[in-house]
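> Chains as they are written, first to last, in the working numbering: chain A, 1 to 495; chain B, 1 to 480.
Hints in this document: simulated from the structure, not taken from any laboratory.
Each hint should be verified, as a subset may be incorrect.
As the list claims (entries may be wrong) - No farther apart than 20 Å at their CA atoms in a straight line, the calculated lysine to any residue pairs in the SDA-like style are these:
hint : chain 1 : residue 1 : chain 2 : residue 2
1    : A       : K153      : B       : Y431
2    : A       : K66       : B       : S462
3    : A       : K153      : B       : R433
4    : B       : K362      : B       : L452
5    : A       : K299      : A       : L432
6    : A       : K66       : B       : T475
7    : B       : K362      : A       : S150
8    : A       : K161      : B       : I421
9    : A       : K66       : B       : A460
10   : A       : K153      : B       : E355
11   : A       : K153      : B       : T429
12   : A       : K161      : B       : R358
13   : A       : K153      : B       : R358
14   : A       : K107      : B       : V369
15   : B       : K362      : A       : S108
16   : A       : K66       : B       : Y464
17   : A       : K161      : B       : V372
18   : A       : K66       : B       : I459
19   : A       : K161      : B       : I354
Stated by the list, open to error - Listed next, with one range per pair, are the computed distances between beta-carbon atoms:
hint : chain 1 : residue 1 : chain 2 : residue 2 : range
20   : A       : P459      : B       : R292      : 44 to 50 Å
21   : B       : G402      : A       : K66       : 21 to 27 Å
22   : A       : L460      : B       : P365      : 36 to 42 Å
23   : A       : V300      : B       : P365      : 34 to 40 Å
24   : A       : I164      : B       : G402      : 28 to 34 Å
What the hints assert, rightly or not - So the derived list for chain A, only partly shown, Cβ under 10 Å to chain B, looks like this:
hint : residue
25   : M64
26   : T65
27   : Q67
28   : I70
29   : V130
30   : K153
31   : G159
32   : V167
33   : L174
34   : I177
35   : N201
Where is the CB? At the ideal position from N, CA and C, for every residue including glycine.
In case you want the letters, here they are:
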Amino acid sequence: MEGLLLLVAILLPAIGSLMVVFMPWLNERREERCFFVGVIMVLECIVVLLIALDAERTLVLFEMTKQLPIALRSDGTSRVFSAVMALMWTISGFYSFSYMKHEQNEKSYYAFYLMTLASLMALTLSGTMVTMYLFFEMMTFISMPMVLHSRTKEAVAAGIKYLIYSVAGATMGLLGIFMLTPNIASPYFVEGGSLLVEQLNLPHTAFQVILLVTLIGFGTKAGMFPMHGWLPTAHPVAPSPASAVLSGVITKAGVLCIFRMIFYVIGPDYLRGTWVQWTLLSCATITVFMGSMLALREKVLKKRLAYSSVSQVSYVLCGVFILDTMALDGALLQMVFHALTKDALFLCAGAIILQAGVTRVDEMHNLGKSMPWTMWMFTICAISLVGIPPLGGFIAKWYIAEGALITSTPVFSWLVPVVLLISAMLTAAYLLPPSVSSFFGGMAQGEAAAIAYEKKDPPLMMMIPITILTLAILLLGIFPGFMIEVFTSLANTLF
Amino acid sequence: MILILAIILPIVTGVLLPVMRLKARARNLYMMVCTLLTSVLVAIALTGDFTQLELISLNKKLSISLHLDDLGKVFSAVIALLWPLTLLYALSYMKDAVNQTSFFTFFQMSYGVTLGIAMSANLLTLYIFYELMTLSTLPLVLHSGSAKSVKAGLKYLYYSLGGSAFAFIGLVYLVYFGGGTDFLPGGLFVGVGSQHTVQLQLGYLLCFLGFGVKAAIFPVHGWLPTAAVAPTPVTALLHAVAVVKSGVFAIIRVTYFSFGTSVLEGSYAQYVSLALSAFTIVFGSAMALKERHLKRRLAYSTVANLSYILFGALLMIAQGLYAGLMHLVFHALMKITLFLVVGVFNRRAHAYYIEDVRGIAKALPVLAVVFVIGSLAMTGIPPLIGFVSKWSLAEAAILSGGLLPLLGVSALLISAVLTGIYLIVPAVTMYTRPPVIPAPQKVESGFYVTLLVLSAMIIALSFYSAPLLDFLYQTALGAI
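Same shape as in the complex, but just chain B:
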């Protein structure tokens, strides 16, 4: 019951927003309350143990159902934690912007849809919510209505539709050979085996490429840097946390809970996907280095980091999934922090490019420090969280042995050096060069609160993450 409530509440409140015609302050309050309420519902859902909730039954094998297992809890927790914070930020950011009502409507609805993805009990439900996510986030990309936004939105749409088509074919394979779309630990074929492993592996690969659009794997990553044109709360939350992590989440579901490691391990499907993710790690980092536009640089960085998660998951061992999930959580935190800082630079200092943020530490010292913390964490400097997840990924790769995982470790390290260059060098120039941009406008406290809370979380988790890591490990073990 709680599950459906948690999903419906934001969607309904979002839809009601334009109807209610609230003034700015009342609307902000309304948004905050509804979002917090949803997060509370999710928190309650996390503590309980809920059996599957069937919403609509299409036929004997296919239904739309919700279920919150460990993996879903991890994803829901991340979303529920970061959404209210980003909303607080967005309320300051979108002040004086046009079309705020439509923005917040779709912002709110996307929350419910993302929770739907997290709580899906089978691939069909996930697929439906996945499509809904494309539709609910598209207006956010298009928000400013400029030619660039329209182009970005259309690119996002075409890529997503293409991806969904591939994923759908994979889904059909699953139903045909597996008899259903349920998510079971170990997949639908564990213990049962199948004579059609080659076709299944092909089906998996199609699913991988299909869901991989949202997970920004090379070669279907192209929409993400272009989508950086959207307002920062959108890029931060949706394109660094919700949308892209949904892609990764879907791939993890499909790998461990649908097709299963017993079918995929050691197959060409695993090798192809591992190779693609290892390549994307280096490719994303290299493109980020070339890119001078701050948000696009961070977008390419996201492309690379998503493949860290996928790389871990595709090793098909518990340690690998554990490491991948760790990076899923940690990267969400670090990347959202970086995007939100850059958002303030964009909005209040009109600094959009690397050259523009030179010397900005004088005018905006607190924000510069937050950027430094985020950069150090992303590069993987111990003891910050980025190091722990990179270490676990390397550990898992070495454990699984073989050439491809070892190449993956090299990819991780090359990416780390590149990350250091494309994030820390700008951070240094913030302090050492004379300022380029004239004095920024006043930065509201809403920005500071969000960013300081996020930074505090990064630092706190760096030193004390044992309960979280234990839960992630348990989740990983449960998936095999």
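Chain A with its partners taken away, still in its complex shape:
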């Protein structure tokens, strides 16, 4: 059966999740359960890699009505997004085997963790708008229990806020799906879009308003202004490995939906030069700036990282909304590097909270002495996030900035690089001081030498994932060639 592999990519983690819930023999010892979850995730990565190497396949799951097929398709975008997401998920998963020892209810955590992976894979592999919407909603509902995992009042309130924002955003997206369906040539995603511009059944202005609403709606998951309000509440309150994937991976699901709508349904040519593009660029640049400013003000580490995500994911959206090849390259690079970096930063934050009980940045001084490995990783990731070469963050931001400059978009061709620069400085301001103070934290010369700091680096199972991520940021930053090649060939099919 053609496309069987696509179905396996979805069912493997789903069945794994159900087994975690219903099989008693898996839950007797936590080591067995963790081993099982680990095996499932590694197998999933293999499946995703096989899909990436295979040719494009389509699989119709069922037909909701005759005109609404629910279908999977593994085109270029699917392969990029699914590979990034599966790998991130696995790495954070391995971290959580050690971290979650200290939390309750591990069984339900892993069950929802695997099931969210299944829905994410289904989302990336979706071949039509309605399929994408289906799995988008499904992913919201299945990821929510991870947000409210600790069951405190704060966590439950955050989970409900996440739910309401996400449902509102998805509904805004649904409006666009309703309006676009009669105006496109094929229900399936088509590279470059399949909008029948001459035969629109609406006046253009009304149509464009609806498109704006749609894209802002899908931007909710990516934390774009004005629908960003849930992110700083929901991401920090989850357990750290869950925060890592929420910031690092699930925000990219929002980016994916925007990506699909612009490049596979509407078509970038329709939007280029319109007030819709300008509004979207405004929202994205506002978010970049605002996220960094709010991160600077925030003293709780995880909340600071959450605001940072708000800002950094909108870098991706800036690159997307410029609607040009180079900027798109930059957007995809930023997506990968932000996922790696933010994931690693949240995992470090988790280690810091667990081992040192530190939750605020003003308590981080001298942490580098007791947790050197962790803080080194933190620092390298911070440098990458700021965008300093040769780390990965630099190349991504460079491509976005230059990509904006070479287009003829009014105002934004120079505004985007300026905002990126300002944000880079703000990022340095909110990430580097904690880093520096952790190594050179305020103590008099003599005292520092005298005190022997107890080494509190977390166990290997937590450090190795963080290190792998950091090494990836380093290596991919120095040798970005392969990624740039893949992304450029993808971008060329879309314009």
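Dock chain B against the given chain A, drawing on the hints supplied.
Relative to the frame of chain A, chain B by itself:
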């Protein structure tokens, strides 16, 4: 013949119930058998093709007749399917309640009356059965005899009588200008035309508002949330399925089969009714959000959802009617499931308000799952059935073009978000908060069986509904 039998059987068996003085178990068996028998009769009627059956002829133009066309088959099928299930539930629910005999008498009689509405061949017959429905359901609302129930019952009565008066005036217009009350596809004026279109449109509007009482359109919806005080099998079946769907059914009949789209399309009558239904969609959803009492919340939700059906039907195109009928069937299924779950929470856990059901998933896990399924379906989360009907409604609205249908689509989406909040948030708190209510009493298997069957139907239809949808589409095409 079968038609009249299907209607008479439940009425007669209902009337005989108090006479027979059966003990509890014998009575339950009797009820079950009679209801199932009626449903079987309906099933047989669905497969056949029956010509009009004239019962009583009043004069040359007016008669009381029965006929089962496609539209009637859809409604009868829904009723015949859900009535036995609800009866099974009611038998467990009303255990140890007072006045069970009178309850089941009127419960049974209402079945026959509702079938009468479905099988009416003309507006006069429908009107008569409509009045009978008010009378047969009133004692069910009044059942507990408390001051609240009496107030609710009287409100129901006054609203219904007012509505009937309006509808009657519309009926008179029809007879005067159209010469009869027969239901014909396309209406009485198709091909013939009429010089009196403006008066006809006024007559239609009166009919719309009149039948709209039972269909809970703003501003005549007020009786429905108050009637939530009735025992849950009553609210579930009658006020989420039978009574309110009869109102919607009557409006569909009057729109497509009496006045006809040729007279109404593009008229002020269509715009006024479309606007009212679009407003009710948002209004009902917003009121549901404000409401903390579970059953009243679901009642407001019904108010909104009925207007989804009406909105589709009032677009006056085949796609619109198709979408409306789809939602008629799907909503009946989803709403009855939700009401019945809440009924168990009421009866066995004494949980009446949103705050009370916190943490109830620990004690009643299966019921919590059923509630979640119902909530997700009502919100319109794909691939569940609620999404398919919402999609079709939006598709039909976009197809018909124009400003008002587009506003309707926005209303649908706003309502979807509100539904998500007022249903899914309580569902989440069932799992995440510590329990508020002490351990519930034992929940009988009769409850579980009904709810699991209903949930299974929701899930099954979500994935395989093609034959049903084809039939609905054919029905819609046949009505224009």
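> Confirm or reject each hint.
Okay, the hints, checked on the actual structure:
no., hint, result
1, K153/A with Y431/B, "holds, 13 Å"
2, K66/A with S462/B, "holds, 14 Å"
3, K153/A with R433/B, "holds, 8 Å"
4, K362/B with L452/B, "holds, 18 Å"
5, K299/A with L432/A, "holds, 14 Å"
6, K66/A with T475/B, "holds, 17 Å"
7, K362/B with S150/A, "holds, 17 Å"
8, K161/A with I421/B, "holds, 10 Å"
9, K66/A with A460/B, "holds, 17 Å"
10, K153/A with E355/B, "holds, 14 Å"
11, K153/A with T429/B, "holds, 11 Å"
12, K161/A with R358/B, "holds, 17 Å"
13, K153/A with R358/B, "holds, 13 Å"
14, K107/A with V369/B, "holds, 18 Å"
15, K362/B with S108/A, "holds, 14 Å"
16, K66/A with Y464/B, "holds, 11 Å"
17, K161/A with V372/B, "holds, 18 Å"
18, K66/A with I459/B, "holds, 18 Å"
19, K161/A with I354/B, "holds, 18 Å"
20, P459/A with R292/B: 44 to 50 Å, "holds, 48 Å"
21, G402/B with K66/A: 21 to 27 Å, "holds, 25 Å"
22, L460/A with P365/B: 36 to 42 Å, "holds, 39 Å"
23, V300/A with P365/B: 34 to 40 Å, "holds, 36 Å"
24, I164/A with G402/B: 28 to 34 Å, "holds, 31 Å"
25, M64, "holds, 6 Å"
26, T65, "holds, 6 Å"
27, Q67, "holds, 8 Å"
28, I70, "holds, 7 Å"
29, V130, "holds, 7 Å"
30, K153, "holds, 9 Å"
31, G159, "holds, 7 Å"
32, V167, "holds, 4 Å"
33, L174, "holds, 6 Å"
34, I177, "holds, 9 Å"
35, N201, "holds, 6 Å"
When each numbered hint is compared with the structure, no violation occurs for any of them.
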